[in-house]
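Q: One line per chain: the protein sequences are A and B, in this order. If you read the first sequence in my numbering, its first letter stands for residue 3, the second for the next number, and so on. If you read the second sequence in my numbering, its first letter stands for residue 2, the second for the next number, and so on.
Treat the hints loosely; a few may be bogus.
[As the list claims (entries may be wrong)] Pairs of lysine to any residue residues, derived as SDA-like cross-links and limited to a Cα-Cα distance of at most 25 Å, are as follows: (1) B/120 / A/134; (2) A/128 / A/41; (3) A/88 / B/89; (4) B/78 / A/82; (5) A/32 / B/75.
If you are wondering where the hints come from, they were derived from the structure by calculation, not from laboratory data.
In case you want the letters, here they are:
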Amino acid sequence: MAFRINSLLVLIIILANVLLSGCVTYQIAKYVEGDVVNVPNEELEVGKTTLEEALSILGAPDKVAKVGVENLLLYERELLYRNRIKVGIPLSELIRGNLSASAYGTLVRYDSLALFFNTEDILSHKTFAEGSSYPYLRTLFSAQQ
Amino acid sequence: MRVKIYILTVLMITTLLSGCLVIGKNKEFQPFESTELDQLVPGESTATEVTEIFGAPSKVVELANGNAYVYKRTVTKGTVCWLVLLTFGNVEKQHDQLVFFFDLDDTLTHYGLSLDAEKAEYGFPD
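Model the full structure from these sequences, guided by the hints.
A: Written as C-alpha cells, this is what we have:
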C-alpha cells in the first residue's frame with residue numbers, strides 16, 4: 003500500500019510538472035531608476051542656499067527646467083512594482099486557441115525633491131514627496147487616485 | 002524505501018526549481034570624463050569650451066537666466082528568474098550626469114556632477 007501511495011505521488015508530481023509548467027504563474031517585478039534621494043534639510047535653507055551650494059551637496063539634478071521666472075532642479079527616483087498572476091490552459095494541441103486569464107497590479111512611485119532658484123541663483127522654495135513611503139498593496143487598492 | 006524517498010526528493014526539487022535565470026546589461030554610453038572638469042573655471046569658461054572638451058550635450062535646456070547643458074550616460078542591469086510557478090524580474094537603471102549652467106552670455110556659472118551608474122546592481126525584487 004505504501005508503495006502504491008508513493009507511486010501515485012510520483013505520478014502527481016510528474017503530471018503537475020508537465021501540466022502546470024507555464025499554466026499558472028505568479029510574476030513579481032521591480033524597476034528602479036535613479037539613486038536614493040537624500041534631503042539635507044539643514045543644509046538647504048530657503049532664501050539663503052545658492053545654486054552652487056545645492057549642486058555641491060546633491061550633485062547634478064535629474065531634470066532641469068525653466069518654470070516662469072525661476073529655474074527648477076529636480077532630483078528623482080522612480081520605483082515600479084508589479085505583481086501578476088496568470089492562469090492558462092494550453093489547448094492549442096487539441097482545439098484552436100487557448101484559455102487564459104490574468105490579473106496584475108502595477109504601482110509606480112516617485113521620490114522627488116524639487117528645488118526652485120530665482121534668477122539670482124538663490125533657493126526660493128523647495129518641496130519633497132516621498133512616494134516610496136506608501137505601501138504597495140494599500141496604495142494600489144486605495145480609493146485615492 | 003530510501004530509494005523512493007531519494008527519487009521523490011529529486012523529482013520535487015526538479016519540479017520546483019526547474020526554470021532559468023537571465024541577466025542582462027544595457028549601457029547608454031557618453032564618453033565624458035569627470036577629471037576634465039579641472040580645465041573649466043566658472044565665471045570664465047564658455048559654452049564653446051565646454052562642448053570642445055565634452056562634446057555635444059545629451060540635452061540643452063533653456064533656463065530663466067541662461068541655459069543648461071546636460072550630459073548623461075546610463076547603465077541598466079536586469080535579472081529575470083523563471084521557476085515553475087514563480088517569475089521574478091528586477092531592473093535597475095542608474096545614471097552618470099553632468100549639468101553645466103550658463104548665463105545669457107554663454108559663460109559657465111556652475112556645474113553639478115553625479116556618478117551613480119556604477120551603483121546599478123543585479124538582484125531580486127525585495
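Q: Next, verify each hint and record whether it holds.
A: These are the hints, each one checked on the structure:
1. Proposed proximity of residue 120 of chain B and residue 134 of chain A is supported: the alpha carbons are some 19 Å apart, at most 25 Å.
2. Distance restraint check for residue 128 of chain A and residue 41 of chain A: the Cα-Cα separation of roughly 10 Å lies within the 25 Å cut-off, and the hinted pair is therefore satisfied.
3. Distance hint between residue 88 of chain A and residue 89 of chain B is fulfilled; the C-alpha atoms sit about 14 Å from each other, no more than 25 Å.
4. Note on residue 78 of chain B and residue 82 of chain A: the hinted pairing holds, with a Cα-Cα distance of about 15 Å set against a maximum of 25 Å.
5. For the suggested pair residue 32 of chain A and residue 75 of chain B, the alpha carbons sit about 18 Å apart, so the restraint of at most 25 Å is met.
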